[in-house]
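Please build the complete structure, drawing on both the sequences and the hints.
These protein sequence lines are chains A and B, in that order.
The working numbering puts the first residue of the first sequence at 642, with every later residue one more than the last.
The working numbering puts the first residue of the second sequence at 12, with every later residue one more than the last.
Think of the hints as simulated: they come from the structure by calculation, not from any bench.
Keep in mind that this is a model prediction, so the values were computed, not measured.
Don't take each hint at face value.
[Unchecked claim] Partial list, computed: chain B residues near chain A (C-beta under 7 Å):
| no. | residue |
| --- | --- |
| 1 | F69 |
| 2 | E76 |
| 3 | Q111 |
| 4 | P125 |
| 5 | S131 |
| 6 | S134 |
| 7 | V136 |
| 8 | V145 |
| 9 | A148 |
| 10 | T157 |
Cβ coordinates follow ideal geometry from the N, Cα and C atoms, glycine included.
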Amino acid sequence: MKNIVNFLIEVGKLKKMPRRGWVLRGIKNPETIAAHSFRMSIMAWLLGKKRRLNVNKVIKISLIHDICEVYAGDTTPYHQLHPRNKKERRKLTQKWPRFSKKEKEKFFSEKYKKEHTALKKLIFKLAPTTKKEIESLWLDYERGLTPEGRFVRQVDRVENLLQALEYYKKEKRFAIEPWWIQIEELVDNSTLLEFIKALEKKFC
Amino acid sequence: MAQEKKFYLTKGGLEKLKKELQDLNSLKISKTKGEVPKIWHSEDLNPEYLSFQEDLSFLESRIMELKYILRNTQLIKPPPKEKQNIVQLGAKVLVEIDGQKDEFEIVGTLEANPTVGKISNESPVGRILLGHKVGDAVLVSSPVKTIYKIKKIKYQTS
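What follows is the structure, encoded as structure tokens:
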């Protein structure tokens, strides 16, 4: 029990960690990593059910997909561009960042290594079965090994789009275009594409 | 897996999956050949047995998934030379979007990983690029209209 208590205390830190993308865009009191995972789990559950996916697995993947960020931190694609100050950061986020294939591969591999190490550290003292389950679910998400893993990877982006639309509607402090552009490249699941159409109707 | 579908895979992607299946089968054999922890441990279920079972079920579900994919695979082959100026599955496409350059590889949904530039042929952008040539400017319409100018198309030659 002691190890579960300690694990939950560590994971609980996500309730206070703001999502980096919103900080870069100057959003006041932005959502936390835990808040993102919470709504994403519900989204994955409701939409995953429509796809007849293993909902139990889909919810678990959504809940744990970002827990490594307790130690690894939240990284955005803009991170690679090394903005030096607030003004530069705001300017960069006006566009969806573009990179060569080599740069993308390098960024992905560095991020993967950093997050995998962080995850292992976080779950180190849990019971072997739980540890293996969490690591397998995380690997499924990262590598898109099963239909559930691939689905949740896309739900992650769609939840982010929904949050962006909500902030944009309220404050219009940043450019919304990059979200619409990237989502057309990232999502291929027909249920999620249908959901995106519904978001378009609601917000545009 | 609601319905049978075709999985488009590159040669590299197919080899990777075959290798994974081979490795998992060997792992399964080595796990079940070794000593199976006894089910009963005093009056409770032996935690080692539960862990062993969990492991096996993870293994088996992935093995089943891989077999299903391999049964329904369609290999992505480079088109004949005269058609290599057209974007098809397996093409590496250099595009210009709003003054910025980007590189995509158009793959099937299983290999899609936009973070490393592999975009699915079923995504709106993947779908719309298919069939276009170098010099074409392709319009992707979401609430934002974006033009993808095709600069270069390459195919992996085996």
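Do the hints match the structure? See the list:
1. F69: holds, 5 Å
2. E76: holds, 6 Å
3. Q111: Since the shortest Cβ distance to chain A is 4 Å, the answer is holds.
4. P125: Holds - the Cβ of B/P125 comes within 7 Å of chain A, reaching about 5 Å at its closest.
5. S131: Nearest chain A Cβ about 4 Å off; hint holds.
6. S134: It holds, given that the least Cβ distance between B/S134 and chain A is near 4 Å, below 7 Å.
7. V136: holds, 5 Å
8. V145: Since the shortest Cβ distance to chain A is 18 Å, the answer is violated.
9. A148: Check failed: Cβ of B/A148 comes no nearer than 15 Å to chain A, outside 7 Å.
10. T157: Holds, because the Cβ-Cβ distance from B/T157 to chain A comes to roughly 5 Å (cut-off 7 Å).
The structure shown violates the earlier hints numbered 8 and 9.
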